[in-house]
Every structure is written in structure tokens, then in C-alpha cells.
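> Given the structure of chain A, go ahead and fit chain B onto it with the hints provided.
In the order they appear, the protein sequences are chains A and B. Here numbering that gives the first Met the number 0 is used: position 260 in the first sequence is 259, and no number is missing along the way. Here numbering that gives the first Met the number 0 is used: position 277 in the second sequence is 276, and no number is missing along the way.
Since the hints were derived computationally from the structure, they do not count as laboratory data. Some clues are possibly wrong.
Said to hold, decoys possible - Label pairs and their computed distance ranges (CB to CB):
id, chain 1, residue 1, chain 2, residue 2, range
1, B, Gly202, A, Asn308, 16 to 26 Å
2, A, Lys149, B, Pro241, 38 to 48 Å
3, A, Gln278, B, Asn201, 45 to 55 Å
4, B, Ala290, A, Lys149, 30 to 40 Å
5, B, Glu107, A, Val84, 52 to 62 Å
Just so you know, these numbers come straight off a predicted model, no measurement behind them. Virtual Cβ for every residue (Gly too), placed ideally from N, Cα, C.
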Amino acid sequence: MMPSNYFEFEKPLIELNKKISDLKDFMDEKGVDLTDEIITLENKADNLREEIYENLEPAQLLEIARHQERPTTRDYINRISSTFVELHGDRRFGDDLALIGGIAIVEEQPITIIGHQKGQTTNENLERNFGMAHPEGYRKAMRLMKEAEKFNRPVISLINTPGAYPGIGAEERGQAEAIATNLMEMSDLKVPIITIVIGEGGSGGALGIGLGDKIMMFEYSYYSVCSPEACAAILWKDSDEASEAAKALSLTSKDLFDLNIIDKIIKEPIGGAHKDPDQAAKILKDEILAAINELKNIDKDKLIEKRYNKFRKIGEYQRNKEKN
Amino acid sequence: MFKDFFSKKNNYVTVKNRSKKSKKSEKRDVREKNNDKLWTKCKKCNEIVFNKKLAENSMVCPKCDYHLRLSAEDRLALTIDEDSFIEFAADISSKNPLDFPEYDKKMEEAKNKTGKNEAVVTGEAKINSHEVIIAVMDFNFMGASMGSVVGEKITIAIEKAIEKNKPLIIFSAAGGARMQEGMLSLMQMAKTSAAIKKLHKNGNLFVSIITDPTSGGVTASFALLGDIIISEPGTLIAFAGPRVIKQTISKKLPDDFQSAEFLLEHGMIDKVVHRKKMKATLGDILKIHEAGVINDAQ
Numbered sequence: 000m001m002p003s004n005y006f007e008f009e010k011p012l013i014e015l016n017k018k019i020s021d022l023k024d025f026m027d028e029k030g031v032d033l034t035d036e037i038i039t040l041e042n043k044a045d046n047l048r049e050e051i052y053e054n055l056e057p058a059q060l061l062e063i064a065r066h067q068e069r070p071t072t073r074d075y076i077n078r079i080s081s082t083f084v085e086l087h088g089d090r091r092f093g094d095d096l097a098l099i100g101g102i103a104i105v106e107e108q109p110i111t112i113i114g115h116q117k118g119q120t121t122n123e124n125l126e127r128n129f130g131m132a133h134p135e136g137y138r139k140a141m142r143l144m145k146e147a148e149k150f151n152r153p154v155i156s157l158i159n160t161p162g163a164y165p166g167i168g169a170e171e172r173g174q175a176e177a178i179a180t181n182l183m184e185m186s187d188l189k190v191p192i193i194t195i196v197i198g199e200g201g202s203g204g205a206l207g208i209g210l211g212d213k214i215m216m217f218e219y220s221y222y223s224v225c226s227p228e229a230c231a232a233i234l235w236k237d238s239d240e241a242s243e244a245a246k247a248l249s250l251t252s253k254d255l256f257d258l259n260i261i262d263k264i265i266k267e268p269i270g271g272a273h274k275d276p277d278q279a280a281k282i283l284k285d286e287i288l289a290a291i292n293e294l295k296n297i298d299k300d301k302l303i304e305k306r307y308n309k310f311r312k313i314g315e316y317q318r319n320k321e322k323n
Numbered sequence: 000m001f002k003d004f005f006s007k008k009n010n011y012v013t014v015k016n017r018s019k020k021s022k023k024s025e026k027r028d029v030r031e032k033n034n035d036k037l038w039t040k041c042k043k044c045n046e047i048v049f050n051k052k053l054a055e056n057s058m059v060c061p062k063c064d065y066h067l068r069l070s071a072e073d074r075l076a077l078t079i080d081e082d083s084f085i086e087f088a089a090d091i092s093s094k095n096p097l098d099f100p101e102y103d104k105k106m107e108e109a110k111n112k113t114g115k116n117e118a119v120v121t122g123e124a125k126i127n128s129h130e131v132i133i134a135v136m137d138f139n140f141m142g143a144s145m146g147s148v149v150g151e152k153i154t155i156a157i158e159k160a161i162e163k164n165k166p167l168i169i170f171s172a173a174g175g176a177r178m179q180e181g182m183l184s185l186m187q188m189a190k191t192s193a194a195i196k197k198l199h200k201n202g203n204l205f206v207s208i209i210t211d212p213t214s215g216g217v218t219a220s221f222a223l224l225g226d227i228i229i230s231e232p233g234t235l236i237a238f239a240g241p242r243v244i245k246q247t248i249s250k251k252l253p254d255d256f257q258s259a260e261f262l263l264e265h266g267m268i269d270k271v272v273h274r275k276k277m278k279a280t281l282g283d284i285l286k287i288h289e290a291g292v293i294n295d296a297q
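If we strip away everything but chain A, and leave its shape as in the complex, we get (with noise of 0.2 Å):
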């Protein structure tokens, strides 16, 4: 039986590793010495492993970005800090709990940390809506990130969410209002704003919190423009062509890399963050470190300047011989 939280992609590793517990079984049980043979296969079970996972189809990436037992902001926010209060409420609807924020430390660096929260269990992805924030959410975080720009403190920014909510009332409360607001004001936001991509870049809804001075994203995240399943029911009329739609868009972390949309790859865990959570955290708390380091001293108006032509670049056309 498959264990649940592997990916069908993995199936040769986990029946190669079938067949070593089996050899292991066989030898304590006949007394026979199988160790050289055991050792053969371990290896080959590592480089199976390390084959599968540096061949992924954007598609099977997108299976780890969306599992299950992927660590969320919260599960990354309790390892990386000392202490951290929980802020609530964007002081004018309500408080949106698919996206959370608050005040931490993290190794004597104060920080505003900010994020998509997702649910681990059924109840709880209803209870945070699967991470697809309400206009409320996306004004909280404004709100944090303005009162995180009064204390000096940098801003930590965690992207994991399908997408905004396309509800009634999300678009009766200006969910489009609050995602614009939100982008004009990081662009002149006077503190670090340090964004990392940990599991799903839903478009607007991931953007909405993600305009930075440094962007990252965990090596098995992905980013997009929309989610395949759209885009291909959009443009082919089909959802089932998904997995060619997550192809062309060019949303893994590599692509967007290769088309300097973001700044940085932080590698994980061999077969993801959700097989050690820990490892995670804390390679995601050294990256996070460090970029601090880099940005804190620029002088404000520099700062905002470099971020500013950061995204002024952003874009790929040809000026014309035109023939008319």
C-alpha cells in the first residue's frame, strides 16, 4: 500500500524501498548477509529519488505546492520565532483567518510577519476558506504593514493561497479595491518588505501581499498568472488540459527565476518542506535572516526607489519596423 503522503510520481521510489525493507526482513530472518546488496539498492533508491525530483512536470510540482501536509504560514511562523502575538481585524468589517498576521521575533530581529493561512484538516481549511483571503484580509495586512512602517520593523510576507475569494461579498467589499490599495501602498511602503512564495501563488490574490523588495520562492512552489485548471478551461475549453496549461504558463519557481520575476530559489527538503518541517523552517529562517541583513541599512528613499525600478523593468516587448 501506498503511504498517504506520497505522490503517485514516487511510486518507483516507494516500491524500491519496498524491496529493501523486504532484503532487510529476509536477512534477519534466514541469517543470510545481504548487506552489500541492500547498500547497492540504497543508492539506487537516492538516485532514483533525486531523479524523480529533479524531472518534475510543472503539473506534479504543483501536487506538492498544493499538499495537504505542506507547512503553512502559522506551522513556519512557530518555528522561526522566539515569540509572536497574533494581530486581528482590519478595524472596519472583520477579521479574515485566510489571512493572518502579527508581531514576532526571530533571533532578536522584530519583524511584522504577515501570511496566507491555510487549514491542515477539512474543518479547519472551512474555517480559514482555504486560504482565499476577503477584501478584509487583504486590508489587515495593510494595516499591519503600516503600523509595522511606524515601528521600523521589516515586513515578512508568506504567499500561499489558491487566490482571492471570488465571492459575493468579497466583490460587494471591494476585493479589487483592497488588492490595488494594497499594491500602491508597498511600493511605498518605507521598511523591507521580504516575500516568500511557500506553497500556491494564486494571481492577484498571492500578489495582493507580494509586492517586495526581494522575492523568493520555495524550490516546490509555484506562482502563476492563474491556476492551470482556469486557464485551460479558459483558452481550451477544457479543465482536463490542465496539465499543459500548467507547462505553458511558466510557473515554477526555475521559470520565474529564468525571467527574473523573482530573485531568489530557496531550496528544500529532499521530496518537499511537508518531509521536514523543521529543515524547512529553518532554511527558510536563514534566508529570511539575511535578506533583513542586506536591506535594513539602504536609506528609505533608496529603498523604495530600487523597488520601485524593481518592478518598472518587469515586462518583455519589441518596439517596431511597422510596415503601415
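Just chain B now, kept in the frame of chain A:
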């Protein structure tokens, strides 16, 4: 390429000579084809309206007041003073940076259909003699989706407004970010919004006019960041489109959901203005704004 579009007053009407072919069926085909160019059926009330009459009525149905969608040049012709337009950045056009399937073909079709390079036209113009920087998006060009070029042209317009210290007028329309350019498109939201922040810090006026339909990444960036936000009657303004919402919540949506009137009621926009009063309204806003600027200078 735009030098002649202001002189053509009724450029929606292209009546061709009737065919003299004798075969009955051919005759009917031809007649139907020609009829298409002679009149239009109103999408809302199904009234058959002569195109000439429609054009004279600013492309608004004379019977039910439905506002038909406009091309960028028709919009400019209705909005700005004659012969006042100088275009910016007409020479930039899209590449296919992700090598996205069928993008080149779709782009070619859009170019042939509209005679334009891209989904937005930007430039300098006058409205009731007030100098402005203006951008007009055109839904006929790939649903006015925002890719690198739309983002770049909008940003250039914003920067020109800052540089020349003039009010900025943007008529938006959009089906969202352009999928075929992936994250390059999504990041245009960040780029344009950051430029708008600069504009506001510089003290420029920005009037955003949201036209039918505007959704997704354009709504969630510059379109909703105006000092003054105006729309036309019946305009669809959305973050997520109604179909997506219906699918997600599997409930019937309210009748006027995501209409300009709905947004007005919810405090999201300043005004819903009839197309025939749009130029006068913009003129009034610019007049009051300019009076303030002159007072400040004294």
C-alpha cells in the same frame, strides 16, 4: 495610423452597393450581410437600430439607453477635442516571451481585426481645451487583457503625466491579466500601481473611467486607484467574473451584481455618468481642478 480617425464621423457605417446577382439565395445572403452593416440589434432590448442613428447617438441604444462597447478611436472621438491627439509609444508591441501556444496567431488575428498594435492607445490630448494625458483600452483587442505592452504603455502614460504635470485620464476595459504572458502580465499590476503611487505623490489628478467590461487584474490595480472614479450605466466591474463566482458558490447572483450602479451603491465609485454627458463631466472636473491649481500658484 490614427491621422484619419477623427475625420470619419460615422465610421461604423460601411454601406456597400447592393449586389445585382440574380439568384434568389445569393440575393438573400448578400442582403443579410449588408443588413449587418446597416443596422445593429440592441443586446438588451433587441431593438433593430440603424447604425447611422446609433453612431449619431454615441453608440447608445435610442430605445433602452444600453451603452454599446466602443473602440478606442470612437471613445477618443467622443471624448477629446478634435485634432488634439498626439500618440505615445505607438511602436511597441507584444512578443511571445513564454512561447505560449497559439499566442502569435491570436495576436495576429487581433491586429487584423482592430488595425491596432495592442489593447491600449495612449497620448496627449485636450478635453474642453484642458490639456490631459489620456489612455483608452480597447476590448476588441484580445479582450483588452493586460500583458507587458498594456502595462508598459499605461506606465509610460502615467510617467508622462508626472513629467508634464498634467491630469491623467484612463478609460479602462479589460478581461484581466493576459494569460499568454503568465507572470509577466500579473506583475504589470504591481508596475502600474507603483507608478500611480508616484503620480499621487506628485500631486497629479487621476480620473479613472471604468467601461464595460472591466475585471481582474486591471480592476485590482490602476482602475480603482483614481482620485475620481466614474463609470457608464450598466458597466460590468468585477474582480472575479460573474461566471467564476457562480461556479464557486453555486447560488444565483443578485440581478444588478457587479454593475456600475451596484458599485456606486456599495461606495466603490464616485459616479455613474451617461455617455452623452461624459465629456462635459470630465470638462467640469478639469475646470475645477485647474482653478485650484491656479489658486495654489498665486
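> Are the hints correct? Go through all of them and say.
Okay, the hints, checked on the actual structure:
Range check, Gly202/B to Asn308/A: Cβ separation about 22 Å, and the 16 to 26 Å hint holds. Checked against the given bound of 38 to 48 Å, the beta carbons of Lys149/A and Pro241/B, roughly 40 Å apart, stay inside it. Our hint of 45 to 55 Å for Gln278/A and Asn201/B holds, since their Cβ atoms are close to 48 Å apart. The supplied range of 30 to 40 Å is met by Ala290/B and Lys149/A, whose beta-carbon atoms lie about 36 Å from each other.
About 56 Å separates the C-beta atoms of Glu107/B and Val84/A, a value consistent with the hinted range of 52 to 62 Å.
Comparing the model with each numbered hint stated earlier shows that all of them hold.
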